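K.L.:
Using the sequences and the accompanying hints, generate a full structural model.
Going down the list, the protein sequences come from chains D and F. If you read the first sequence in this note's numbering, its first letter stands for residue 1, the second for the next number, and so on. If you read the second sequence in this note's numbering, its first letter stands for residue 1001, the second for the next number, and so on.
Derived from the structure by calculation, the hints contain no laboratory data. Keep in mind that this is a model prediction, so the values were computed, not measured. Don't take every hint at face value.
The calculated BS3-like cross-link candidates involving lysine-lysine, where the alpha carbons are at most 27 Å apart (straight line), are [as the list claims (entries may be wrong)]: (1) D:Lys170 <-> F:Lys1045; (2) D:Lys55 <-> F:Lys1063; (3) F:Lys1063 <-> D:Lys40; (4) F:Lys1076 <-> D:Lys61; (5) F:Lys1074 <-> D:Lys7; (6) D:Lys30 <-> D:Lys58; (7) F:Lys1074 <-> D:Lys58; (8) D:Lys61 <-> F:Lys1069; (9) D:Lys30 <-> F:Lys1074; (10) D:Lys7 <-> F:Lys1075.
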Amino acid sequence: MADNERKLIKKCAKGDLDAFEDLISKYEKKAYNIALKILKNPEDAMDISQEAFIKVYKSIKKFKFQSSFSTWLYRIVTNTCMDFLRKNKLQVYSLDNPIKTDDGEIEREVKDNSNSTEEMYEKKMTKELVHQSIDKLDEIHRVAIILRDIEGFSYQEISEILGCTMGTVKSRISRARSSLKEIILEEMEQNDISIV
Amino acid sequence: MDCRDFDEKISLYIDNQLDNIEKKEFELHLLECDECRKEYDEMIKILKFTGETEEEELPENYKLSLRSKLEKEKKKEKSKVLNWRVLSTVAAALFVVVVSYGFIINNFGINNINQQSMDDAAPEIGKDYSGDVGNSQEQMNKSMKFTAKAKDSQNMTLTSDKDLANGEFTESLRNGDLSIENAGKKIIKSGQINLESTEFDVTYDSIINNVKNNNGYIESSGTSFYGHIKADDGEQLRSGNVFLRVPEEKFYSTLDFIKSLGEVKSQQLNERDISESYLDTENYIKNLEVQEKRLREILEKANNVDEILRVENELRRVRTEIDNNNQTLKNWDSLVNYSSITVNILEVKDENQVIKLDDEGLLLKGKKGFISTINKLINFVENTLVFLMTIAPVLIIIAIILILALIFIRRHLKQKQ
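P.N.:
This is how it looks when you write it as C-alpha cells:
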C-alpha cells in the first residue's frame, strides 16, 4: 500500500473529512458502478454506495492494514448492497406485473431500441441482451460476474471481497458463467438472434 | 478429458487458473471436439460483451451529498462522545453526592440527634426529665463512637443531673419533715452509670472488689460481646453490667470510685424519700399491736368455744397484717441501708492507644496523626460501604429510571432524525 494512502487513512481515523474525500476519490466510481450493477437502479446505487462509504468512514479506525484498503472498501460496498437486497427481497417486482398506484395500474414501459442501423442494432441488441441476462442471474452469481468479468478483480481479490476461499470463488464464477450462458442462449432462441 | 469435464473447466481456462497438465488436456480436447469448441467460442464472446460494459459516471451531486452525509455522521459521532461525557460526569457527580452524604450521615448524624434531644430536653427540665435522659442514654448506648460534640452534650447531661438532684432535695425540704438532718430520713438511693472503658477486665474486677471491701454485694452481673466491631487484634469487644448494693453511707464514694474507672457516658441518680410512708406504716403496726393485745385479753375472758374461735380468727388476721407490714418495713430498711447501683460497662478500643505516649516527639505526633487518619479513613470506607448497601434498593430504582429515560430520549431523538 502506498505510504500516501497509509497517511491518509491515519488522518481519517482522526476524523479528517477532507482526507477521507481524498482517500476514496480513487474508488468512488468503481464502488458506485458495483452497486449499480448489483442493485440495477441508479438511485439505490447512489444511496447504498454512499451508505457504504459512511460505514467505511465510521469504521476506518478498525482498519488494521492487513489487507489492501481497496478490497476492504469494496467488501463493505458489496456487503451493504447484499444486505439491502436481502432487506428488500419482498419488495422486488417483476417486469411483467403492472405497477400499482393510486390512480390505477400503469403498464411498465420497457426500453425499445428499434431505430438503429441493422448492424449496430444487432450488436447493441446482443450487448443489451447480455446485460439483461446478467440482471436475471441470482444475487450470488451476479455479484461473481460483476466482480470478475465487469470490474476485472483477480480471484484473490474476489475471495477477500466476498470473504470466502479461493475454491469457492472458482466454482462460483464457473457456475455463474454457465448459468449466464444458458440464460443468454434461451433469450436468443426466443428473440431469434445469434451471437455475432 | 470428456465434454462434461471440459464444460466445467472453460471458466478456469479463460482466467488461466488451470495448472499446466490440465491446461494441456483442455487444449487437446478443444482441438478434438467441435461441439466443445463451439461452447468455448460462445463463452468467450459473451464474456467479451460483458467486459465491454462502460463504466457509468457518478451522478452529478454524488460527492456533494456524500460530503453532507459524512458531516452529519461526524456531528452525530461527536454528540455521541459528548453525550457519554455528560452522562459520565453526571454519574460521577451523583456518586460523589451519595458518598459524601453517606459520610456526613455516618460521622455527624449521631451528634445531630443527640444535640436535638438535648435541645428538646432543655426546656423540660424538672417536668419530665428522667424520661428524656433515658432516651438520650439509649441513643448513647447505641452509638459506638463519640466525638467532641457528643462529649459536650454529655457534660450538659451531667450538670442537669446535678440540678435535678438538688431540686429533689429542696423539694423534700419544703414538704417539710421537721427533722432537717438527713440521718433521720428514710431515703432510698439508686444510681445508674454507663461507662466506657478500654480495659474491660480491670474495670470489672475493681468494681467487684470495691463493692466487697465496702461490705456491699453483687446482686447480679453479666458480660456479653456486642456489635460487629472487632478490635485490631481480632478480639471482640464486650459489654457488661453489674447490679450491686452498697451500704447507704458508702453510696456516693462508690459512685465516685466507679466513675473514676472509665469515661462516664451517662449517669442517673434517684433518691426516693419514704420517711412518711415509713412512719405511717410504723404507727399502723403499733395500732395493730395494741389491737392484738386487747384481743388476747378478750380471748382469756371467752366463755365458750364459739367465742374462742371467733376471737382467734380475728387475732390471726391482725397477726398476719402485722407480719406483712413488718416485712415491708424490713424491705425498706434494706433498700435504705443498701443503695443500689447499676453499672453498664462498654469496652472500647482507644484509637490512639497504639502509641505509647512516653515522649510526645514530633515523629510520634506525626505517627499518631497518621494512624488516626488511617483509622478515620477505614472508618469512612466502612461507613460508606454500609451506607451504599443501605441505599442500594433506592439506587437500583434510580438506575432503572435513568436507563428508561435514556432509552426513551434516544428513541425520541432517532425518530426526530
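K.L.:
All hints, please: hold or fail.
P.N.:
Taking the hints in turn, this is what the structure says about them:
no.	hint	result
1	D:Lys170 <-> F:Lys1045	holds, 20 Å
2	D:Lys55 <-> F:Lys1063	holds, 16 Å
3	F:Lys1063 <-> D:Lys40	holds, 20 Å
4	F:Lys1076 <-> D:Lys61	holds, 16 Å
5	F:Lys1074 <-> D:Lys7	holds, 20 Å
6	D:Lys30 <-> D:Lys58	holds, 20 Å
7	F:Lys1074 <-> D:Lys58	holds, 9 Å
8	D:Lys61 <-> F:Lys1069	holds, 19 Å
9	D:Lys30 <-> F:Lys1074	holds, 24 Å
10	D:Lys7 <-> F:Lys1075	holds, 23 Å
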